[in-house]
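Undergrad: Using the sequences and the hints given, assemble the complete structure.
In the numbering used here, the protein residues as written are 202 to 281.
Everything labelled a hint here was simulated from the structure, so no lab data went into it.
Hints are supplied without guarantee of correctness; some may be wrong.
[Said to hold, decoys possible] Distance ranges between label pairs, derived from CB positions:
#: 1; residue 1: Lys274; residue 2: Val202; range: 16 to 22 Å
#: 2; residue 1: Asn260; residue 2: Ile203; range: 19 to 25 Å
#: 3; residue 1: Gly256; residue 2: Asn234; range: 27 to 33 Å
#: 4; residue 1: Ser273; residue 2: Thr204; range: 20 to 26 Å
#: 5; residue 1: Asn253; residue 2: Met281; range: 26 to 32 Å
#: 6; residue 1: Met236; residue 2: Arg210; range: 17 to 23 Å
#: 7; residue 1: Thr204; residue 2: Lys274; range: 31 to 37 Å
#: 8; residue 1: Tyr214; residue 2: Pro255; range: 25 to 31 Å
#: 9; residue 1: Tyr218; residue 2: Leu271; range: 26 to 32 Å
[Unchecked claim] Below, simulated SDA-like cross-link-like pairs (lysine to any residue); rule was C-alpha separation at most 25 Å, straight line:
#: 10; residue 1: Lys225; residue 2: Tyr259
#: 11; residue 1: Lys274; residue 2: Arg210
#: 12; residue 1: Lys205; residue 2: Met269
#: 13; residue 1: Lys237; residue 2: Phe206
#: 14; residue 1: Lys213; residue 2: Cys268
#: 15; residue 1: Lys237; residue 2: Asp265
#: 16; residue 1: Lys225; residue 2: Ile257
#: 17; residue 1: Lys258; residue 2: Gly241
#: 18; residue 1: Lys205; residue 2: Tyr254
#: 19; residue 1: Lys274; residue 2: Leu238
#: 20; residue 1: Lys258; residue 2: Phe216
#: 21; residue 1: Lys274; residue 2: His231
#: 22; residue 1: Lys205; residue 2: His231
#: 23; residue 1: Lys205; residue 2: Gln270
#: 24; residue 1: Lys213; residue 2: Met281
#: 25; residue 1: Lys274; residue 2: Glu209
#: 26; residue 1: Lys237; residue 2: Val264
#: 27; residue 1: Lys274; residue 2: Thr228
#: 28; residue 1: Lys213; residue 2: Cys267
#: 29; residue 1: Lys232; residue 2: Met269
#: 30; residue 1: Lys225; residue 2: Val202
#: 31; residue 1: Lys205; residue 2: Gln277
#: 32; residue 1: Lys232; residue 2: Lys274
#: 33; residue 1: Lys213; residue 2: Gly241
#: 34; residue 1: Lys274; residue 2: Glu261
#: 35; residue 1: Lys225; residue 2: Gln277
#: 36; residue 1: Lys237; residue 2: Ile203
#: 37; residue 1: Lys213; residue 2: Ser273
#: 38; residue 1: Lys252; residue 2: Arg210
#: 39; residue 1: Lys237; residue 2: Glu276
#: 40; residue 1: Lys232; residue 2: Asp265
We treat Cβ as the ideally placed atom computed from N, Cα and C, and that holds for glycine.
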Amino acid sequence: VITKFCSERIAKYAFEYAYLNNRKQVTAVHKANIMKLADGLFLESCREVAKNYPGIKYNEIIVDNCCMQLVSKPEQFDVM
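TA: Laid out in structure tokens, this is it:
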């Protein structure tokens, strides 16, 4: 079950980890193109939390593409 509270908690953890460890980017990995409500809520929460960390770049990637990118160009990712 995906809730707003838990989605925000995950996003805050990722951004706080990035901030405390001098990481430059957080990537939200999702399947919102298929799971519109659940992953849509997750992405909405991530976007809200990202606004509180202007020094950290935020982006989103669909899980299928992410798997391919992790194999071919893993250096493009930081905190996921």
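Undergrad: Which earlier hints turn out false for this structure, listed by number in ascending order?
TA: Hints 1, 4, 5, 8, 9, 11, 12, 19, 23, 25, 30, 31, 37 and 39 not satisfied by this model.
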